[in-house]
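All chains, please: the whole structure from these sequences, using the hints.
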Amino acid sequence: AQSVTQPDIHITVSEGASLELRCNYSYGATPYLFWYVQSPGQGLQLLLKYFSGDTLVQGIKGFEAEFKRSQSSFNLRKPSVHWSDAAEYFCAVGPGGAQKLVFGQGTRLTINP
Amino acid sequence: NAGVTQTPKFQVLKTGQSMTLQCAQDMNHNSMYWYRQDPGMGLRLIYYSASEGTTDKGEVPNGYNVSRLNKREFSLRLESAAPSQTSVYFCASKRGENTEAFFGQGTRLTVV
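From first to last, the protein sequence lines stand for chains A and B. Heads up: the first sequence begins at 1 in the working numbering, then just goes up one per residue. Heads up: the second sequence begins at 114 in the working numbering, then just goes up one per residue.
Heads up, none of these hints are tricks.
Listed next, the in silico DSS-like pairs over lysine-lysine satisfying Cα-Cα at most 30 angstroms (straight line): (1) Lys100/A <-> Lys170/B; (2) Lys100/A <-> Lys184/B; (3) Lys184/B <-> Lys170/B; (4) Lys61/A <-> Lys122/B; (5) Lys49/A <-> Lys184/B; (6) Lys68/A <-> Lys49/A; (7) Lys127/B <-> Lys170/B; (8) Lys122/B <-> Lys170/B; (9) Lys122/B <-> Lys100/A; (10) Lys100/A <-> Lys68/A; (11) Lys100/A <-> Lys61/A; (12) Lys49/A <-> Lys61/A; (13) Lys122/B <-> Lys49/A; (14) Lys170/B <-> Lys49/A; (15) Lys100/A <-> Lys49/A; (16) Lys184/B <-> Lys122/B.
Facing chain B, from chain A, some residues (calculated, C-beta under 10 angstroms): (17) Gln38; (18) Gln42; (19) Ala92.
Calculated from the model, a selection of chain B residues having no Cβ within reach of chain A, i.e. all distances over 12 angstroms: (20) Leu126; (21) Gly166; (22) Gly176; (23) Tyr177; (24) Asn178; (25) Pro196; (26) Val225.
What the hints contain is simulated information worked out from the structure, not anything from laboratory work. Predicted, not measured: the structure shown is a model, and the values here were computed from it. Ideal Cβ placement from N, Cα and C applies to all residues, glycine included.
Listed below in structure tokens is the structure:
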């Protein structure tokens, strides 16, 4: 069965610093990968997705993620964080052609001024 | 665009009471989902409907039932609420294979 692990439950970075959130997945074939962001009291918003092709994908709000098949990873990055990036971030995997999404446990991001 | 609309946004139930969470999408999506979100556990799939007329169990279906009323609407019913069902419930929809899911704003349910 597929699974997603986000090793970091909580990360704190200073405003303007770079950010990397880790995501590792377990799946036998090529997965479909997603990063979602959840602001407090809100639903989930899609940041970016990987289906195929270029392994470096760009998303909204200046985020990017890189798919590394050899490491079963799909880490999210941002060169310079803003206070408004404080939120919870979820990595998800959906097996190709199937319907369901499996989510990681989430990483809560705190931004220091 | 309304997207995915969930009602109610907040609800408090007593143990043993029943209730139905409503979800509607206006994007003509084929697939709809119910997830629950608990601290430290991410989102777990309760039930899903791959297309109108079909429903299937997800990871944590016990204590819940669903109805895909039509293509737009997918409801989640708690027949006899338990404190363990205190959670935030999210409805989501997808157009089909190889597409992303769109989420509602959530329903915060407390069972006392």
